[in-house]
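**Student:** So the chains spell out like this:
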Amino acid sequence: MHYVPLLLIVAGVGWGILTYNAFVSMKNRIRNSFHQIDVQLRRKIDLIPNLVEVVKDYMSFEKDTLERVIQARSMVTQAKGPKEKAESSALLTDALKSLFAVVESYPDLKANRAVTDLEEELTSTENRIAYSRQFYNDCVMAYNTKLEKFPSNLIGSLFNYEKEVYFDTGGEREQRIRVDLVPGN
Amino acid sequence: MPLEKVTFHDAIEQNRRSSYLLTAALVVTAVLVGYVTGAAQGHTIAGVMLALSILAVLAIVTMTSGKEIPLLVNSARKADAETETLLTNIIEELKIASGLRTTPEVYVIEDGAINAFASALSDKEAAIAVTRGAISNLTREELQGVLAHEVSHILGRDTRYFLFLSVFVGSVVMVSDLFLKIGLFSRRARLSIGLVVPALFLALFSPLIVTILRFAISRKREFLADARAVQMTRNPSALASALRKTTRIGSRIEGVNRATRHMFILNPSPATRFGDRFLFSTHPPIEERIKRLHMMGARFF
Numbered sequence: 097m098h099y100v101p102l103l104l105i106v107a108g109v110g111w112g113i114l115t116y117n118a119f120v121s122m123k124n125r126i127r128n129s130f131h132q133i134d135v136q137l138r139r140k141i142d143l144i145p146n147l148v149e150v151v152k153d154y155m156s157f158e159k160d161t162l163e164r165v166i167q168a169r170s171m172v173t174q175a176k177g178p179k180e181k182a183e184s185s186a187l188l189t190d191a192l193k194s195l196f197a198v199v200e201s202y203p204d205l206k207a208n209r210a211v212t213d214l215e216e217e218l219t220s221t222e223n224r225i226a227y228s229r230q231f232y233n234d235c236v237m238a239y240n241t242k243l244e245k246f247p248s249n250l251i252g253s254l255f256n257y258e259k260e261v262y263f264d265t266g267g268e269r270e271q272r273i274r275v276d277l278v279p280g281n
Numbered sequence: 125m126p127l128e129k130v131t132f133h134d135a136i137e138q139n140r141r142s143s144y145l146l147t148a149a150l151v152v153t154a155v156l157v158g159y160v161t162g163a164a165q166g167h168t169i170a171g172v173m174l175a176l177s178i179l180a181v182l183a184i185v186t187m188t189s190g191k192e193i194p195l196l197v198n199s200a201r202k203a204d205a206e207t208e209t210l211l212t213n214i215i216e217e218l219k220i221a222s223g224l225r226t227t228p229e230v231y232v233i234e235d236g237a238i239n240a241f242a243s244a245l246s247d248k249e250a251a252i253a254v255t256r257g258a259i260s261n262l263t264r265e266e267l268q269g270v271l272a273h274e275v276s277h278i279l280g281r282d283t284r285y286f287l288f289l290s291v292f293v294g295s296v297v298m299v300s301d302l303f304l305k306i307g308l309f310s311r312r313a314r315l316s317i318g319l320v321v322p323a324l325f326l327a328l329f330s331p332l333i334v335t336i337l338r339f340a341i342s343r344k345r346e347f348l349a350d351a352r353a354v355q356m357t358r359n360p361s362a363l364a365s366a367l368r369k370t371t372r373i374g375s376r377i378e379g380v381n382r383a384t385r386h387m388f389i390l391n392p393s394p395a396t397r398f399g400d401r402f403l404f405s406t407h408p409p410i411e412e413r414i415k416r417l418h419m420m421g422a423r424f425f
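So the sequence lines, in the order shown, correspond to chains A and B. Each residue of the first sequence is one higher than the one before, starting from 97 at the first, in my numbering. Each residue of the second sequence is one higher than the one before, starting from 125 at the first, in my numbering.
Hint data in this document are derived by calculation from the structure and do not stem from the laboratory. Every residue, glycine too, gets a C-beta built ideally from N, C-alpha and C. Treat the hints with care, as some may be off.
[Said to hold, decoys possible] What the simulated footprint calls covered on chain B by chain A, stretch by stretch (three residues with Cβ under 8 angstroms from a Cβ of chain A suffice, anywhere in the stretch; the number is not a length):
#1 199-205
#2 210-217
[What the hints assert, rightly or not] When the alpha-carbon atoms are kept at most 25 angstroms apart in a straight line, the in silico SDA-like pairs for lysine to any residue are as follows:
#3 Lys242(A) to Arg358(B)
#4 Lys176(A) to His131(A)
#5 Lys259(A) to Lys152(A)
#6 Lys206(A) to Val181(B)
#7 Lys206(A) to Gly280(B)
#8 Lys193(A) to Glu216(B)
#9 Lys152(A) to Tyr116(A)
#10 Lys123(A) to Lys202(B)
#11 Lys206(A) to Leu156(B)
#12 Lys123(A) to Leu279(B)
#13 Lys193(A) to Gln174(A)
#14 Lys245(A) to Leu114(A)
#15 Lys179(A) to Gly223(B)
#16 Lys245(A) to Glu137(B)
#17 Lys245(A) to Asp264(A)
#18 Lys123(A) to Lys248(B)
#19 Lys202(B) to Asp213(A)
#20 Lys123(A) to Gln355(B)
#21 Lys245(A) to Tyr144(B)
#22 Lys248(B) to Glu163(A)
#23 Lys123(A) to Gly280(B)
#24 Lys245(A) to Arg141(B)
#25 Lys193(A) to Gly223(B)
#26 Lys193(A) to Arg358(B)
#27 Lys123(A) to Trp111(A)
#28 Lys176(A) to Ala186(A)
#29 Lys206(A) to Glu265(B)
#30 Lys415(B) to Gly280(B)
#31 Lys242(A) to Glu265(B)
#32 Lys152(A) to Ser201(A)
#33 Lys206(A) to Ile259(B)
#34 Lys259(A) to Ser170(A)
#35 Lys248(B) to Gln132(A)
#36 Lys179(A) to Asn124(A)
#37 Lys242(A) to Ser143(B)
#38 Lys248(B) to Met122(A)
Please build the complete structure, drawing on both the sequences and the hints.
**Tutor:** Structure, rendered in structure tokens:
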């Protein structure tokens with residue numbers, strides 16, 4: 097039975113390669129999903145000018161609300177790092193929430209197809225942002241767990257893989273970020 | 125009785141495990157059938173090997189075969205991205221939540237009932253169909269829950285799995301039929317008396333056993349898809365309330381193809397005479413699904 101040790105070595109090396117590759121793809125998935133958060137945030141920012149364009153004629157009495165949205169938007173565009181981005185994005189969401197609360201009191205606006213379309217787009221974008229963060233965190237969890245668990249931790253430490261940090265929304269509760277822009281839903 | 129709390133992580137793990145167990149039971153049945161068929165011909169090992177290789181070939185064929193046709197069978201029409209923005213938006217959200225690399229194609233079935241199904245042989249070639257009734261009767265979040273359930277089927281490669289199961293069940297039926305006709309009574313048969321009884325039993329009942337197993341697996345996959353949907357949306361209440369709504373509005377689709385009914389989120393064909401709670405149901409009872417969603421944190425309403 098002299099081939100038994102050989103078989104064991106082949107199996108061991110094979111397992112090592114598979115585990116190493118799993119770490120590589122997990123790491124790439126984390127990087128990609130982190131990028132996705134930015135993409136969706138960009139989408140949110142890009143929707144604001146359209147929204148402002150549509151509602152500004154109606155809302156001459158509500159300059160403050162509109163101002164707040166525009167300001168919050170520029171804060172997001174200038175934000176650096178994930179934490180700052182998350183915080184300014186939450187501010188923008190709050191500003192948008194009050195904007196749509198105002199829209200409620202303008203029957204003309206409420207019936208405007210362009211406004212309802214934008215509302216849907218913004219709701220969807222908020223969801224996408226929340227989901228991209230959630231997916232990022234899920235990926236980090238899977239990766240960190242594999243990094244800690246025996247025996248895959250052996251391969252992880254051999255190639256100096258380090259734990260990834262979760263995306264923190266800056267103390268924000270999920271609830272506040274996943275705002276419902278469509279009333280009654 | 126207070127409901128036990130489970131996280132969707134636990135629910136997913138648990139469902140996955142029982143799904144594996146049921147698959148193992150299927151394989152064991154197949155090997156047993158191969159064993160007695162082989163024994164009857166005096167080649168026990170050959171019988172087992174044959175059963176295993178049939179399984180392997182089936183697995184390979186179903187995993188590499190081309191596009192599925194259930195979309196055509198159930199007369200689904202491709203959704204127009206311009207007019208169905210809600211639908212395409214939700215799918216795009218779920219793609220992000222699930223980490224799918226390609227956006228599934230969306231189809232609409234013009235029917236007033238609430239239902240949906242997914243058809244996918246890989247996560248790159250996937251399609252989801254949803255009824256008009258679901259779009260117009262459900263709120264945005266409820267519709268999202270239903271579609272998340274379908275995306276879960278895509279993630280779980282369930283279409284392929286079900287395809288494998290139905291071909292598998294078909295071949296077990298065929299083999300045991302063959303065995304009954306020629307195996308048991310051929311001149312070369314060398315069955316001892318001790319083997320005749322279990323062999324006959326297997327030949328007669330294995331089709332029934334694999335069919336029951338297949339339905340059990342189908343029900344498990346529904347629970348699993350529900351749990352996965354919760355993982356994506358973190359909103360068990362919405363899916364629960366969508367399911368509850370269907371008990372009022374109905375999920376039966378006129379002229380649905382019976383062979384595709386296991387792929388729907390809710391049973392689309394009229395209840396069999398056994399009812400929905402029996403062994404031969406493709407779907408678990410809605411009440412049970414709602415109960416499990418509550419265990420994952422859905423609020424009562």
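**Student:** Hint by hint, say whether it matches the structure.
**Tutor:** We went through each hint and held it up to the structure:
Counting residues of the region 199-205 of chain B whose beta-carbon sits less than 8 angstroms from any beta-carbon of chain A gives 0, not enough to reach three: the coverage restraint is violated. With 5 residues having a Cβ less than 8 angstroms from any Cβ of chain A, the region 210-217 of chain B passes the three-residue criterion, so the hint holds. Restraint check for Lys242(A) and Arg358(B): the C-alpha separation of about 23 angstroms stays at or below 25 angstroms, so the hint holds. The hinted pair formed by Lys176(A) and His131(A) meets the criterion: a straight-line CA distance of about 14 angstroms does not exceed 25 angstroms.
For the proposed pair Lys259(A) and Lys152(A), the alpha carbon gap of about 47 angstroms is over 25 angstroms, so the pair is violated. Restraint check: the Cα-Cα separation between Lys206(A) and Val181(B) comes to about 60 angstroms, which exceeds 25 angstroms; the hinted pair is violated. Distance restraint check for Lys206(A) and Gly280(B): the Cα-Cα separation of roughly 41 angstroms exceeds the 25 angstroms cut-off, and the hinted pair is therefore not satisfied. Between Lys193(A) and Glu216(B) the alpha-carbon distance is near 23 angstroms, which keeps this suggested pair within the 25 angstroms criterion.
At roughly 55 angstroms between alpha-carbon atoms, Lys152(A) and Tyr116(A) are farther apart than 25 angstroms, so this suggested pair is violated. Pair hint Lys123(A) plus Lys202(B) does not hold up; C-alpha atoms about 36 angstroms apart against a cutoff of 25 angstroms. Simply put, Lys206(A) and Leu156(B) have alpha-carbon atoms about 67 angstroms apart, too far for the 25 angstroms limit, and the pair is violated. Using a Cα cut-off of 25 angstroms, the hinted pair Lys123(A) and Leu279(B) holds, with the two alpha carbons roughly 20 angstroms apart.
For the given pair, Lys193(A) sits about 21 angstroms from Gln174(A) by alpha-carbon distance, which is consistent with the 25 angstroms threshold. Between Lys245(A) and Leu114(A), the direct Cα distance comes to roughly 15 angstroms. Compliance with the 25 angstroms bound is thereby established for this hinted pair. Restraint check for Lys179(A) and Gly223(B): the C-alpha separation of about 23 angstroms stays at or below 25 angstroms, so the hint holds. A C-alpha spacing of about 17 angstroms is found between Lys245(A) and Glu137(B), which places the hinted pair at or below 25 angstroms, so the restraint holds.
The straight-line distance between the Cα atoms of Lys245(A) and Asp264(A) is roughly 24 angstroms, inside the 25 angstroms bound, and the hint therefore holds. Straight-line distance between C-alpha atoms of Lys123(A) and Lys248(B) comes to about 21 angstroms, which keeps the hinted pair within the 25 angstroms bound. Between Lys202(B) and Asp213(A), the direct Cα distance comes to roughly 21 angstroms. Compliance with the 25 angstroms bound is thereby established for this hinted pair. Note on Lys123(A) and Gln355(B): the hinted pairing holds, with a Cα-Cα distance of about 21 angstroms set against a maximum of 25 angstroms.
Distance hint between Lys245(A) and Tyr144(B) is fulfilled; the C-alpha atoms sit about 22 angstroms from each other, no more than 25 angstroms. Note on Lys248(B) and Glu163(A): the hinted pairing is violated, with a Cα-Cα distance of about 44 angstroms set against a maximum of 25 angstroms. The suggested pairing of Lys123(A) with Gly280(B) holds, with an alpha-carbon distance near 22 angstroms, which does not exceed 25 angstroms. Simply put, Lys245(A) and Arg141(B) have alpha-carbon atoms about 20 angstroms apart, close enough for the 25 angstroms limit, and the pair holds.
Simply put, Lys193(A) and Gly223(B) have alpha-carbon atoms about 28 angstroms apart, too far for the 25 angstroms limit, and the pair is violated. For the hint pairing Lys193(A) with Arg358(B), the CA-to-CA distance comes to about 21 angstroms; that is within 25 angstroms, so the pair holds. In summary, the hint linking Lys123(A) to Trp111(A) is supported, as the alpha carbons are separated by about 18 angstroms, within the 25 angstroms threshold. Proposed proximity of Lys176(A) and Ala186(A) is supported: the alpha carbons are some 15 angstroms apart, at most 25 angstroms.
With a CA separation close to 21 angstroms, the supplied pair Lys206(A) and Glu265(B) stays within the 25 angstroms bound. Between Lys415(B) and Gly280(B) the alpha-carbon distance is near 22 angstroms, which keeps this suggested pair within the 25 angstroms criterion. At roughly 33 angstroms between alpha-carbon atoms, Lys242(A) and Glu265(B) are farther apart than 25 angstroms, so this suggested pair is violated. Restraint check for Lys152(A) and Ser201(A): satisfied, since their Cα atoms lie roughly 15 angstroms apart, inside the 25 angstroms limit.
For the hint pairing Lys206(A) with Ile259(B), the CA-to-CA distance comes to about 21 angstroms; that is within 25 angstroms, so the pair holds. With a C-alpha separation of about 33 angstroms, the suggested pair Lys259(A) and Ser170(A) falls outside the 25 angstroms cut-off, and the hint is violated. Only pairs whose Cα atoms come within 25 angstroms are accepted, and Lys248(B) paired with Gln132(A) is accepted, the gap being roughly 19 angstroms. Distance hint between Lys179(A) and Asn124(A) is fulfilled; the C-alpha atoms sit about 21 angstroms from each other, no more than 25 angstroms.
Pair hint Lys242(A) plus Ser143(B) holds up; C-alpha atoms about 23 angstroms apart against a cutoff of 25 angstroms. Under the criterion of a C-alpha separation no larger than 25 angstroms, the hint pairing Lys248(B) with Met122(A) is consistent with the structure, at around 19 angstroms.
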